[in-house]
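Number of protein chains: 2
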Amino acid sequence: MAEPFHCDFSGRLFLGHLGNQMLNAADFHSTDRGFGMKYLMSIKRSWVLSRLAIEMVEMPAQYEHYSVETWVESAMKFFTSRNFCVSDASGKVYGYGRSIWAMIDTETRQPTDIYAIDNGAINNWIVADKPCPIEKSSRVKMSENADFVRSIDINYNDIDINGHVNSVKYIEHVLDLWDVAWYREHRIKRFEIAYVAETHQGDKLCFYREPTAENEYCVRLVKTEGETQNQVEVCRCKIVFC
Amino acid sequence: MAEPFHCDFSGRLFLGHLGNQMLNAADFHSTDRGFGMKYLMSIKRSWVLSRLAIEMVEMPAQYEHYSVETWVESAMKFFTSRNFCVSDASGKVYGYGRSIWAMIDTETRQPTDIYAIDNGAINNWIVADKPCPIEKSSRVKMSENADFVRSIDINYNDIDINGHVNSVKYIEHVLDLWDVAWYREHRIKRFEIAYVAETHQGDKLCFYREPTAENEYCVRLVKTEGETQNQVEVCRCKIVFC
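Chains as they are written, first to last, in the numbering used here: chain A, 1 to 242; chain B, 1 to 242.
A hint or two may mislead.
Each pair may be met inside one copy or between any two copies, as identical chains are not told apart.
Unchecked claim - Computed list of lysine to any residue pairs in SDA-like fashion (alpha-carbon distance at most 20 Å, straight line):
hint, residue 1, residue 2
1, Lys77, Tyr217
2, Lys38, Tyr63
3, Lys92, Pro131
4, Lys130, Gly163
5, Lys44, Ala25
6, Lys130, Val180
7, Lys38, Ala2
8, Lys130, Gln201
9, Lys204, Ala181
10, Lys38, Asp176
11, Lys136, Ile43
12, Lys141, Tyr183
13, Lys44, Ser10
14, Lys204, Val149
15, Lys77, Arg220
16, Lys92, Ile152
It should be emphasised that the hints constitute simulated quantities derived from the structure, not laboratory data.
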């Protein structure tokens with residue numbers, strides 16, 4: 001259910017919460033099939049979200065019930081793609097999601113072979129023919145002319161059990177670059193994010209924004225590391241409003 | 001269930017999410033009894049959270065199932081007190097909550113008589129003899145010597161359907177005054193907040209903090225209004241760590 005405190009000023013679910021539910025669905029779905037985070041942790045492996053794209057016709061309204069369906073569309077040695085469909089009990093589709101995941105070795109932090117798990121069992125779960133009628137993520141192209149918008153400190157509530165900023169928090173911070181007055185006139189049609197590096201407590205995040213088409217913006221997030229003051233790109237987003 | 005992305009670096013539920021679940025429980029419980037927000041809106045009334053105190057022995061861990069039970073402890077003309085108990089299926093109690101609510105006229109924003117609703121029907125729901133073994137909220141006393149810690153801008157994701165900062169966001173922003181290193185050594189034993197005024201998009205929130213005993217701090221939140229630059233106290237908190 002779209003809980004009241006998970007909804008924005010207009011009474012529609014925050015996109016960050018929907019992203020959170022997609023990640024939950026991915027976690028439950030993979031756990032049920034022997035590919036869950038808990039099991040992977042025990043063999044020093046972990047899923048890492050590489051890309052997420054969400055495209056919505058409509059956002060669930062306050063107190064509406066919605067379901068998130070998920071399936072694995074394809075898998076390769078180092079990446080797997082998992083799709084999402086958000087709908088209600090009557091079959092009305094609110095929107096879709098696409099995600100790309102890598103599997104890493106938690107000690108070396110390097111990509112590892114997904115097919116090495118349980119003799120390539122992921123192949124048993126691939127549903128190649130189920131439609132997900134939104135575009136795949138593409139490389140977010142930005143020039144060097146993006147405007148610096150703001151910087152924020154990374155705080156306790158941004159950090160999850162992995163010790164770094166949780167994937168959904170980036171989405172919330174990026175959407176906070178626009179104000180309530182903007183959202184009164186625009187809704188998010190598509191949100192796309194590509195994760196590059198991790199951000200930790202004590203880092204500062206800088207946001208650079210560039211308009212790339214009518215109602216379309218790209219945003220680059222760069223962290224300044226607490227100790228070294230190194231600057232590193234951590235993710236890029238593309239947001240299409242309508 | 002304590003969802004993974006609702007848990008902090010230590011794998012324990014964020015206090016903000018627990019506060020959110022308490023407010024949900026209050027909403028469902030009052031709706032089931034004819035005192036819900038939806039009905040009140042239709043007669044130009046609304047519940048306004050005045051105080052919330054949460055005291056925890058332990059926070060639910062990632063993937064643990066927990067329930068939030070709520071009941072009305074007492075009611076007066078302008079205020080009602082509602083308690084919470086957080087437990088698991090085996091009966092283990094994680095902690096308790098206490099809250100005080102006012103009912104306001106949504107046009108005048110003035111307090112209105114709770115007993116005027118449905119001929120004082122709230123009396124039917126009072127459970128006076130159920131124990132809630134944590135202290136009631138008391139006035140948070142602060143001197144004029146509290147230290148300015150930081151200021152933040154109020155953004156899109158802070159604002160709920162009422163058009164102002166949602167009650168839980170204040171809790172998150174206050175707890176963000178301490179860093180991960182602090183939470184590695186301390187857990188929140190009791191958190192108390194008294195709401196005074198509303199904060200809107202475009203306002204700036206300033207945080208003033210004062211140590212009041214060993215492992216006890218009080219925090220005053222003051223908004224600087226976007227247009228007028230007026231300074232107004234919006235809430236006060238007391239946090240006891242252990």
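Hints, verified against the model:
1. Lys77 - Tyr217: For lysine 77 and tyrosine 217, the Cα distance exceeds 20 Å both inside one copy (33 Å) and across copies (52 Å).
2. Lys38 - Tyr63: Between copies only: 11 Å across chains, 32 Å inside a chain, cut-off 20 Å.
3. Lys92 - Pro131: Cα proximity of lysine 92 and proline 131: one copy only (15 Å, versus 45 Å across).
4. Lys130 - Gly163: Classified as neither; 35 Å inside a copy, 40 Å across copies.
5. Lys44 - Ala25: neither (22 Å within a copy, 39 Å between copies)
6. Lys130 - Val180: Intra 37 Å, inter 43 Å, cutoff 20 Å: neither.
7. Lys38 - Ala2: between (27 Å within a copy, 15 Å between copies)
8. Lys130 - Gln201: neither (40 Å within a copy, 42 Å between copies)
9. Lys204 - Ala181: Close across copies (16 Å), not inside one copy (27 Å); limit 20 Å.
10. Lys38 - Asp176: Intra 32 Å, inter 28 Å, cutoff 20 Å: neither.
11. Lys136 - Ile43: neither (31 Å within a copy, 48 Å between copies)
12. Lys141 - Tyr183: neither (24 Å within a copy, 39 Å between copies)
13. Lys44 - Ser10: between (43 Å within a copy, 18 Å between copies)
14. Lys204 - Val149: Close inside one copy (13 Å) and across copies (17 Å); limit 20 Å.
15. Lys77 - Arg220: Result: close neither inside a copy nor across copies, 28 Å intra and 53 Å inter.
16. Lys92 - Ile152: Neither. Shortest intra-copy (38 Å) and inter-copy (39 Å) distances fail the 20 Å Cα cut-off.
In terms of the numbered hints stated before, the structure departs from hints 1, 4, 5, 6, 8, 10, 11, 12, 15 and 16, listed from lowest to highest.
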